[in-house]
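Participant: The lines below spell out each chain.
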Amino acid sequence: MDPVFMGETFVTLLGGLPLTLKLAGSAVACGGLLALALAAMRLSGSLLLSAPAQAFVFVFRGTPLLVQIFLIYYGLGQFRPVLQEWGIWWFFRDAYWCALLALALNTAAYASEIVRGAVLSVPHGQVEAARACGMGPVTRFRRIVAPIALRQGLPAYSNEIVSMVKATSLASVITLMEVTFLAQKLISQTFRAIEIFVCAGAIYLLLNIVVTRLVVLLEYRLSPHLRAAPREPASAEAAHA
Amino acid sequence: MRFAKTIGLALAAVLAAGGALAQDKSWKTIRIATEGAYAPYNFMGPDGKLQGFEVDLAAELCKRMDAKCEVIAQDWDGIIPALQAGKYDAIMAGMNITDKRREVIDFSRNYTRESNGLGAELAGPLGKLPDGDVRIDLSTETPESKAVIERLRTALKGKTIGVQVSTIHANFAERYLKGAAEIREYKTTEQHDLDLLAGRIDGIFASNASERATFEKPDFKGYGLVGPKFVGGVFGGGVGVGVRKGDPELRDKFTAAINAMLADGTLKTLALKWFKVDTTPQG
Numbered sequence: 001m002d003p004v005f006m007g008e009t010f011v012t013l014l015g016g017l018p019l020t021l022k023l024a025g026s027a028v029a030c031g032g033l034l035a036l037a038l039a040a041m042r043l044s045g046s047l048l049l050s051a052p053a054q055a056f057v058f059v060f061r062g063t064p065l066l067v068q069i070f071l072i073y074y075g076l077g078q079f080r081p082v083l084q085e086w087g088i089w090w091f092f093r094d095a096y097w098c099a100l101l102a103l104a105l106n107t108a109a110y111a112s113e114i115v116r117g118a119v120l121s122v123p124h125g126q127v128e129a130a131r132a133c134g135m136g137p138v139t140r141f142r143r144i145v146a147p148i149a150l151r152q153g154l155p156a157y158s159n160e161i162v163s164m165v166k167a168t169s170l171a172s173v174i175t176l177m178e179v180t181f182l183a184q185k186l187i188s189q190t191f192r193a194i195e196i197f198v199c200a201g202a203i204y205l206l207l208n209i210v211v212t213r214l215v216v217l218l219e220y221r222l223s224p225h226l227r228a229a230p231r232e233p234a235s236a237e238a239a240h241a
Numbered sequence: 242m243r244f245a246k247t248i249g250l251a252l253a254a255v256l257a258a259g260g261a262l263a264q265d266k267s268w269k270t271i272r273i274a275t276e277g278a279y280a281p282y283n284f285m286g287p288d289g290k291l292q293g294f295e296v297d298l299a300a301e302l303c304k305r306m307d308a309k310c311e312v313i314a315q316d317w318d319g320i321i322p323a324l325q326a327g328k329y330d331a332i333m334a335g336m337n338i339t340d341k342r343r344e345v346i347d348f349s350r351n352y353t354r355e356s357n358g359l360g361a362e363l364a365g366p367l368g369k370l371p372d373g374d375v376r377i378d379l380s381t382e383t384p385e386s387k388a389v390i391e392r393l394r395t396a397l398k399g400k401t402i403g404v405q406v407s408t409i410h411a412n413f414a415e416r417y418l419k420g421a422a423e424i425r426e427y428k429t430t431e432q433h434d435l436d437l438l439a440g441r442i443d444g445i446f447a448s449n450a451s452e453r454a455t456f457e458k459p460d461f462k463g464y465g466l467v468g469p470k471f472v473g474g475v476f477g478g479g480v481g482v483g484v485r486k487g488d489p490e491l492r493d494k495f496t497a498a499i500n501a502m503l504a505d506g507t508l509k510t511l512a513l514k515w516f517k518v519d520t521t522p523q524g
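Residue numbers (this note's numbering), protein chains in the order written: chain A, 1 to 241; chain B, 242 to 524.
So here's chain B without its partners, still in its complex pose (with noise of 0.2 angstroms):
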């Protein structure tokens, strides 16, 4: 009897504990997790602190919903369960709304939507990529787009291809590059892009804007976007908020902020300072 009533107190303490983790839902304060290691998006600035265009969008759209942000750091390939754990309420981290990720956790509107392809050295094996200047949308499958990728996977054969792990990206590989070039997995970008430096790997597949942001580093002189680039079906829907299903008031109060600052151009100027071209979703 005393162990079922210790075990009722311990239980009751744990449950106590998790209502008090739980938010009151007016959201007046909202922690925010982001990864810190996906320049431009969110990364570690020299001083320690987080930086990018989701730190500032962040604390642009609190503004907006009348409450107090707390962006935190948070690993990539955790950060999904911690945000189901309740560690914190919501995720911008660069991640793109897919039916996978949608089946577990819920998103705003998207506030980037940009393209995705290959960086490698332009004087190496991988710079003379053909369609450097094509752009492929893979909702719809046409004759031209699997071209394109029939010529990609040719030009790629006995390459060796870096992406982080569980990202879109890694999805793309596994789908159309699988069989043709060696995938390895990351657990972060600046991993993948420190051994393209080393020569381990051939090229890097990830979105153009976190190419472009490496490849201006002094170290990356020589580095650049080579190949097709894509957009569309493994790739979701462009980059959203990810909030616990359990809160649609969040997740609308997000979409109203982002829906405002599209409206009056402030996610436009955002999107020109950190990528250098509009990312805005179009329509």
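Same shape as in the complex, but just chain A (with noise of 0.2 angstroms):
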């Protein structure tokens, strides 16, 4: 391994960062607020609204994702003239928006279940007493349900997070020039895949050690009733002897 090439080489690879990065952000934002939705969908029990919901998260965790994205971008491209029809072409004529429609149905599917997940692991005693209170549903859901499901949720979310982040480099195979697409690109010019591969692999990990210390930071703010209590000053203990 050669160190001076190394660096080259991630200097080269971080001109991918932008995209990746941009890719895997949008991808979070959209596909966590359709997992909002999708989640409450399936909570309302309503046949009529969770069957649907039901029926998305299936298909789009059962398939690959890398099988969803030529989906949309070769596949779809194939009905040009009823996509022109419909105005919908410019959406799907730039790949940009193929790879995050794909990367954002993907982790909503996975997020949705995550969130149900949390909402129904809420302590059925808690909700209870917050009824005997008084409290209504909107206010029951945002003191009790909420806080609850959110530290609940957090840590198999923060799996979500990390594995979109690496999902994003299917993306290049849709002539998008991410870290990996670079990648690949600098290995077919200099046929040294081992150094190549290393410094994209340390990008990704990189990039993902900062959203987990997020995520792992956001977990201790909302978990205080788990940490020990502070102590006590001194003095008051003296006081007290």
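You can trust all of the hints, since none of them are fake.
Subject to a maximum C-alpha distance of 25 angstroms in a straight line, what follows is the list of computed PhoX-like cross-link-like pairs (lysine-lysine): (1) B:Lys387 x B:Lys398; (2) B:Lys398 x B:Lys470; (3) B:Lys486 x A:Lys185; (4) A:Lys185 x B:Lys328; (5) A:Lys185 x B:Lys419; (6) A:Lys185 x B:Lys400.
What the simulated footprint calls covered on chain B by chain A, stretch by stretch (three residues with Cβ under 8 angstroms from a Cβ of chain A suffice, anywhere in the stretch; the number is not a length): (7) 313-323; (8) 426-432; (9) 436-446.
Don't read these hints as lab results, they were simulated from the structure. Every residue gets a Cβ at the ideal spot worked out from N, C-alpha and C, and that includes glycine.
Given two chains presented individually in distinct reference frames, assemble the corresponding complex, making use of the accompanying hints.
Facilitator: And the structure:
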């Protein structure tokens, strides 16, 4: 391994980082919103709402993301006249929007299950207690269900964010010049697979270290009840004695 | 100590495995890699079997070299690293002999040499490109070639052109079209063909032979070759068989077999069968 070459490679690959971040960030944001809607549909108790949500999750969780990207980009590309008629071809013409759509739909399917699980994990006794105190459904959700569910769901959701960051690498198959695309291009020019993929891997690793640290920080802030109470000041102890 | 011994054993095992991979150098069996996505050079037939000019050529060359050959499919972007790693012994994948590739692998003599250019919808924005019947040799820069490229650049302003990643065509686009047209890079030529059809790109830049093969398909009615054709320079010295640098005997065997096929006209027959034009290297 040649440190000078690896340094240059690292800098070249960083050129793809803005696109990787943009894809991951937008996909997590859009997918997150969609996940909330899907989870609400699943929890609504109405079959009319919960069945379509369940079907969506079934399809997008059960098929490979790579296949979804190919289907959306090359598959829908073959229906250009129809899409043009509907006036949405501008969206599917662009590789970026196709990749974003696939990533967002995929993460929405996974995240909606995380949200649903988190909401269902709120202890029934707490909800009952809130009801006994006379809280209405909205207040109950805001004060009791949402905070507890957020704490419960966060660890699982951080997994989902991390896997989204990594999944952006699949966008390289539809001509998006993100980190992995640049890495593969560089390899086919220099034929030095090990050094270049090590650099690419390091970039994703660094990104995910930041992501996981941020989530851990948030978890810490949200769980004061799990920490030991602060020690009482020494002077107070002395006064007791 | 025990640890060192384990490591030593593991190393020995790895070396032994490496030795098993490397050929005995009599070349009675040869593994040849092709891409399988570059018609008419090499492609997957409807039955999932490899077909094409190079598959036929490999069979004929191996007969003449008195060797048993196995042709396998390998993705383009990893085709040279895998050769070096010893996964196979030769590459026949429409790969042009360029100086850059020569730095890492060796080539037999060339077996085809053909022109390269743009393909687009004839009724589309690039259908009326100038210099359609001009053929430019890029190995020497002349006032004429400069003028042709300048006219091409002007005509391509604001257009999007697809090329296959890390090919001579991508190199050409990088060197001569950058700043004029937007360049999109694809993993295979089949993918840029699909995007041409979908209208995501205005044209493709590829070898004329592969473009002709693409435009023969019924879906591509109304598409054709446009603008000037190019040879030489960044396009290198034609297509040859790629082998590892350490295997000069294999390279020479391929060269001798290609020379024999050139001499008795079988190479020309094969070229006419797959390309419809004579692509054999002249001289």
